[in-house]
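Q: So you can see what is in the structure, the chains are spelled out below.
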Amino acid sequence: MDFNYFLTLLVFSPLLGILLLAFMPKANESGIKMLGVLATLPSLILALIAYFSYRGGNDLANFSEKFRWIQFGGQGAEQSGMFSVNYELGIDGFGLVMVVLTAVIATLAALASFHIKKEWKGYYMLFLLLEIGMLGVFTSQNLILFFLFFEITLIPMFFLIGKWGYYEKEKAAYSFLIYNGLGSAILLIVIMVLFSRTGTSNIEMLRMILNTENAPLVAPVSESLKMGLLIALLVAFGVKLPIFPLHSWMLRVHVEAPPSIVMIHSGILLKIGAFGLIRFGMGIFPEQFADLTVLLAVLGVINLLYGAFLAFIQTDFKMVLAYSSISHMGIVLIGLGANNEAGIQGAIFQVVSHGLISALLFFLVGVMYERTHTTTLANLGGLAKGMPIASGFLLAGAMASLGLPGMSGFVSEFMAFFGLFKEMPVLAAVGTLGIIMTAVYLLRAVLAITYGKAEREFVGISDVRSFEWAPILVLVGLIVLIGVYPNVLSEPLQATLETILMGIGG
Amino acid sequence: MSSVPVSAFLALALILFCIGLYGALTKRNTVIVLISIELMLNAVNINLVTFSKYGVNPSITGQVFALFAIAVAAAEAAVGLAILIALYRNRRTVNIDEMNQLKN
Amino acid sequence: MENAWLIPLFPLVSFLLLLLFGKKLKEASAFVGILATLASLVYSILVLLERLSEPTYKAETVWLTIGDLQLTAGFEVNQLNALMLVIVSLVSFLVHTYSKGYMHGDERIPVFYAYLGLFTFAMLGLVISPNLLQTYIFWELVGVGSFLLIGFYFYKESAKAAAKKAFIMTRIGDVGLLIGMILLFWQTGSFEYDEIFAAVEEGAVSGTMITLTAILIFIGAVGKSGQFPLHTWLPDAMEGPTPVSALIHAATMVAAGVYLVASMFPLFNASETAMLTVAIIGAFTAIFAATIGLVQTDIKRVLAFSTVSQLGYMMLALGSAGYVAGVFHLMTHAFFKALLFLAAGSVIHAVHTQDIEKMGGLWKKLTFTGPLFLIGTLAISGVPLFSGFFSKDEILIAAWAHGNYGLFWLAVIAAFFTAFYMFRLFFMVFSGEARSEMKNVHESPSVMTLPMVVLAVLAVVAGYVNTPWFGSFLGDWLVEGNEALGHGHIAGPGWIMIVATAVSLLGILLAWMMYSKKSISRDWLSSRAPIVYGIVKNKYYIDEIYNQTVVFGAKAISLFLRFIEIFLVEGIVKLTTAAVQALGKTGAKIHSGQVQTYGTIAFVGLAVLMVIFALTGGYL
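Residue numbers (our numbering), protein chains in the order written: chain A, -4 to 501; chain B, 151 to 254; chain C, 34 to 653.
Everything labelled a hint here was simulated from the structure, so no lab data went into it. Check each hint, because a few of them may be wrong.
To be verified - Pairwise CB distance ranges, derived in the manner of DEER restraints:
| hint | chain 1 | residue 1 | chain 2 | residue 2 | range |
| --- | --- | --- | --- | --- | --- |
| 1 | A | Glu282 | B | Leu160 | 54 to 60 Å |
| 2 | A | Ala214 | C | Ala647 | 25 to 31 Å |
| 3 | A | Thr207 | C | Glu87 | 55 to 61 Å |
| 4 | C | Val644 | B | Thr176 | 44 to 50 Å |
| 5 | C | Gly138 | A | Trp464 | 29 to 35 Å |
| 6 | C | Gly222 | A | Glu208 | 31 to 37 Å |
| 7 | A | Tyr161 | C | Phe593 | 25 to 31 Å |
| 8 | A | Leu476 | C | Phe593 | 37 to 43 Å |
| 9 | C | Val644 | B | Thr211 | 27 to 33 Å |
Given the structure is predicted, the values throughout are model-derived calculations rather than measurements. For each residue, glycine too, the CB sits at the ideal point set by N, CA and C.
Input sequences plus hints: build the corresponding full structure.
A: Laid out in structure tokens, this is it:
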């Protein structure tokens, strides 16, 4: 099978949907929705083809593609390939996993967007643009290209939050844009420094050049400069992840954005932070990263506990989930802080697993909000009577989130702690308090919604219906699949892990 | 001819330029400001001509450039005065302090 | 035995089927569950029979690859596993059958049977796990099954609270287990039981580490088995339907803690401190819960506290190196306690109340349940010839032989209390005059009584597999081929048996005098020492203490963090925005619209730049 242009097709296939949507009449609601969902399918199919062809023994390197794109500098530089920016796409195991996750969640979120009440045309066009950005982020092999795709995700997100969100949507959209804009500015500085000093922005090349002694450089990159760049990266991606105390924008987005967008946001966009940290932080500066592990682990434990304790006293279910996301991203940091095989794999698992779980939970939030028009815990109660199936899945989602074995959350949590216990047992023991607190706040919130006496106005509400089944079943299925047989995920990751660990020298 | 050193030309240009600058930055009357700007342009012209004659690589290009500058300055003065008159018709003043509509 | 992994799968299939088709099956769902557990039971018995003659079987496959590490999953059939398989599947089968009658008419029967299936699957999976990781996985799943069933009546606030409490309390224990397990892995390089034991035996693990990990694992057992101080969830768990209490909170799940300690026994045995901890906690829990049981008035809560107390006995046995005694008591207790709960369920089914103050004189009306309840009561009280007598005797001997004399006497007193409160319960429910409001009381259907009959027979005869008189078959078989587990039978002084018999008979006598003959006033204690009575009645205020300390502490931390969130994090954000805005406003003022001002500033800026350029030569 020939894989030329495969990734380009994969990344830009939603563009077709955008073009077709542009010609749709504005009022044709069902047509727009249908087209919006269909437009996400090509990338999903291609992503699945990539996954299965990989499982069938195809080398991921076959997917790479590369074209000369922009050239800086004079004739000499052109010959040596220095200061050229290539359009190059490619995936490794981690990228593959993320692409599949993105494609799956995008399709499901497109389905969940059926709950959107107005201006479907603009919504779906922005939505598809967002998908292009996300897919591009995970496939670009080049920092400048990565940055471009990274920025592409920001703009549609801003409008999607600001236009289709709830009461304080504008405020949420602005704080999203400002925080992330600052994050990208820092990222851009890092990229430019690297580019100007090494003459390349290719990730593989950078990894090689910066980690070989006496490699030819345009300008020297000292150890302290590397450290500075890594810390800048940590801040840039820390905003995205988010790391305490850079998280307040993300709470607003979680609460104000429409649930289908939060599925994408919490499921994929937050993960770009983790992806970037692993891919660039760990990949390009392995030695400096090893010096920062204690900091990362401490930050992780702080995130975990801080999120958990604050989730415990929230009165709005969406806030509980928002803080729970902070808490769960702490586990990613814990895994990275462990900086060994188990820890890093745990972090990656947590990225995927939390993506699926939070997508599921926010989808259910959307389903419930559709019927009850509230997410305040005090106003809810006894939903298990009116909508037993949705309540059951909500409970299942909460269980997955609190790390119940047999579901994906457990595997990642276990591995992250497993790794950290090897390196810093005392810190890890403190962190396990978070496991208890997770159970406490999730049960508190979910039981307040589903158990107890049913509010009278919720008695006659309808349960899960028609299109709502697909996202629920797919997400639960994937969560359980990873939980029961984690090797579906861990096998593609082994090669990536080896590369990363080789850098660390472990 | 060689009795006049280059520095004299340059000093003249500098003095002209400073007078022009001073006028352009401090005078209230817009007409005077415009005239001051012309002074600064002429200072530049002197420099151009000086270097085209006594520079490291003397060439005619400098003088051509000075001619260009004079032409452009003339055009600019015409347009500037035209705008000024239009303004004067509207506002009945040539005081530059009162010309701040661009701010809002 | 090669296919023993199928045993847990039958209930899992039942769970899935009922989830998918439960709505259509309605009451017929019961048959799906019953058939599935029957299949498990038959298979378990076959496996046990096979295991009697064949060696341990173990099979594993890779579950999770972490770099070079390969974590495995599989199953193992050794003596303990095989025995537990039969106990669990038997009790589960009987409870499934019994529930057919007990839950009759409830519209959520499919859900109930689905949950039961999930729980049975997890419990069976737990007992055949060959390694700690897999044990932990099923350990948690068992907790979820229990959580779901406790909260089965989800619309009741009390059930909701109880379910939440059960899950969280056991989770605290589980975290102990998780930490212990991971630490043990990094010491021994494996989660497999046999490899851990081999490493411990070789001395690859330091003594303090053994003690630490053993105690952490024991914390897991404390949570699951309702030992002090994590016992408070178990009495509350009685909010679940009564058959559930029989299955989960008497016979199987709560015994999982004991099972865990038993299967990790060689590790515990390697550390004196850990053993002593287990023994002390066990003995303390035994007497502590027994005293609370003396004054409870809810039939199920009395049984719950007696369960806590009996589990304490098992822990005491294990902590005193009485491996066989602990497992033996685990088995007999499973039978007679399940019997007692089912009988209590039958009583509740008949009279629709759980308050024993409102019951009385049911002996004549419940002609089946009464004698069956009596058999259970006799067995738990340790009356000779019943199963509880033999196993309790073994425990006492083990405690004495291990030199824990103080704990031994505690256990004896607890035995006296046990006999007393169990017969108090019996007399208050069955003897005396029938209350007026208990008019239309009728015996339960045979689908409920038959499982009780089976359990009653076992509650009588199960003790004879391991007696000082006829030989200790069970004990010898359990420790066969594994010296680390100790001897099949521990010899002890003969007077222990006499003492045990004496205290249990004394307890019965006292209960009879107080509650049946009424020659001693019932409020003897409450009138003489009201404070003591109040403390015991309120379960030593443990719940209240937890509320005041742990719950309050968590809330306080949360509020403190919210304070940080609002004032520090948001504060910094606000400060930044304010600074940027101030800067912007200042900047805006410079934009006066005066071209001359702009020009001046531009010129001054240029001049400054040129000065800098001149001074530095253009290189910064």
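Q: Each of the hints needs a verdict: does it hold here or not?
A: Against the structure, the hints:
The given range of 54 to 60 Å is respected by glutamate 282 of chain A and leucine 160 of chain B, whose C-beta atoms sit roughly 58 Å from each other. Restraint check, alanine 214 of chain A to alanine 647 of chain C: a C-beta distance of roughly 26 Å satisfies the suggested window 25 to 31 Å. Restraint check, threonine 207 of chain A to glutamate 87 of chain C: a C-beta distance of roughly 60 Å satisfies the suggested window 55 to 61 Å. The beta-carbon spacing between valine 644 of chain C and threonine 176 of chain B, approximately 22 Å, falls outside the hinted interval of 44 to 50 Å.
Between glycine 138 of chain C and tryptophan 464 of chain A the beta carbons are some 31 Å apart, a value that agrees with the proposed interval 29 to 35 Å. In this structure, glycine 222 of chain C and glutamate 208 of chain A meet the distance hint of 31 to 37 Å, their C-beta atoms being roughly 35 Å apart. A C-beta distance of roughly 29 Å is found between tyrosine 161 of chain A and phenylalanine 593 of chain C, which places it inside the suggested range of 25 to 31 Å. One distance hint, 37 to 43 Å for the beta-carbon pair leucine 476 of chain A and phenylalanine 593 of chain C, holds here, with the actual separation near 40 Å.
Between valine 644 of chain C and threonine 211 of chain B the beta carbons are some 31 Å apart, a value that agrees with the proposed interval 27 to 33 Å.
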